[in-house]
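Residue numbers 3 to 95, in the numbering used here, belong to the letters of the sequence shown in order.
Calculated directly from the structure, the hints in this document are not laboratory data.
When the alpha-carbon atoms are kept at most 25 Å apart in a straight line, the in silico SDA-like pairs for lysine to any residue are as follows:
| # | residue 1 | residue 2 |
| --- | --- | --- |
| 1 | 81 | 33 |
| 2 | 90 | 36 |
| 3 | 81 | 41 |
| 4 | 90 | 34 |
| 5 | 81 | 17 |
| 6 | 90 | 6 |
| 7 | 28 | 90 |
| 8 | 81 | 18 |
| 9 | 28 | 12 |
| 10 | 55 | 30 |
| 11 | 90 | 7 |
| 12 | 81 | 53 |
| 13 | 9 | 37 |
| 14 | 55 | 84 |
| 15 | 55 | 83 |
| 16 | 81 | 15 |
| 17 | 90 | 53 |
| 18 | 81 | 69 |
| 19 | 28 | 42 |
| 20 | 28 | 81 |
| 21 | 28 | 11 |
| 22 | 28 | 64 |
| 23 | 90 | 50 |
What follows is a list of derived Cβ distance ranges for each label pair:
| # | residue 1 | residue 2 | range |
| --- | --- | --- | --- |
| 24 | 45 | 71 | 18 to 24 Å |
| 25 | 59 | 84 | 15 to 21 Å |
| 26 | 28 | 62 | 16 to 22 Å |
| 27 | 59 | 91 | 29 to 35 Å |
| 28 | 59 | 10 | 24 to 30 Å |
| 29 | 10 | 62 | 21 to 27 Å |
| 30 | 91 | 60 | 31 to 37 Å |
| 31 | 8 | 92 | 25 to 31 Å |
| 32 | 71 | 5 | 32 to 38 Å |
| 33 | 60 | 93 | 27 to 33 Å |
| 34 | 92 | 5 | 29 to 35 Å |
| 35 | 37 | 60 | 32 to 38 Å |
| 36 | 18 | 60 | 31 to 37 Å |
Note that CB positions come from ideal geometry on N, CA and C, so glycine has one too.
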Amino acid sequence: MEEALDKVLDDTMNMPGVTGVLCTDKLGLCLGARGNAPAHSSGLIATLANHAKALEANAEAPPIVCLESDSGNILIRAKDGITTAIYKVPSGP
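Construct the complete structure from the given sequences, taking the supplied hints into account.
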């Protein structure tokens with residue numbers, strides 16, 4: 003599984019606008035990180051995804067959390083026991 007995860011992380015980093023990517027388990031253990039995605043943030047990312055699921059308990063698909071700032075955007079989604087955070091360049095005005 004580690005090789006498959008490494009390939010997904012590397013492929014994601016090669017997508018336009020992506021500056022970092024992080025995967026964590028549902029308890030916040032960092033499974034892998036690339037680019038400017040700090041591994042020490044894995045617990046916070048897992049917590050945000052878990053809280054988003056609680057807010058949208060009746061949703062058919064897991065919610066996506068989008069954090070926007072002047073320095074960039076972070077998209078967070080939990081699915082099948084893995085939470086993924088994708089760090090992207092800031093969106094335009």
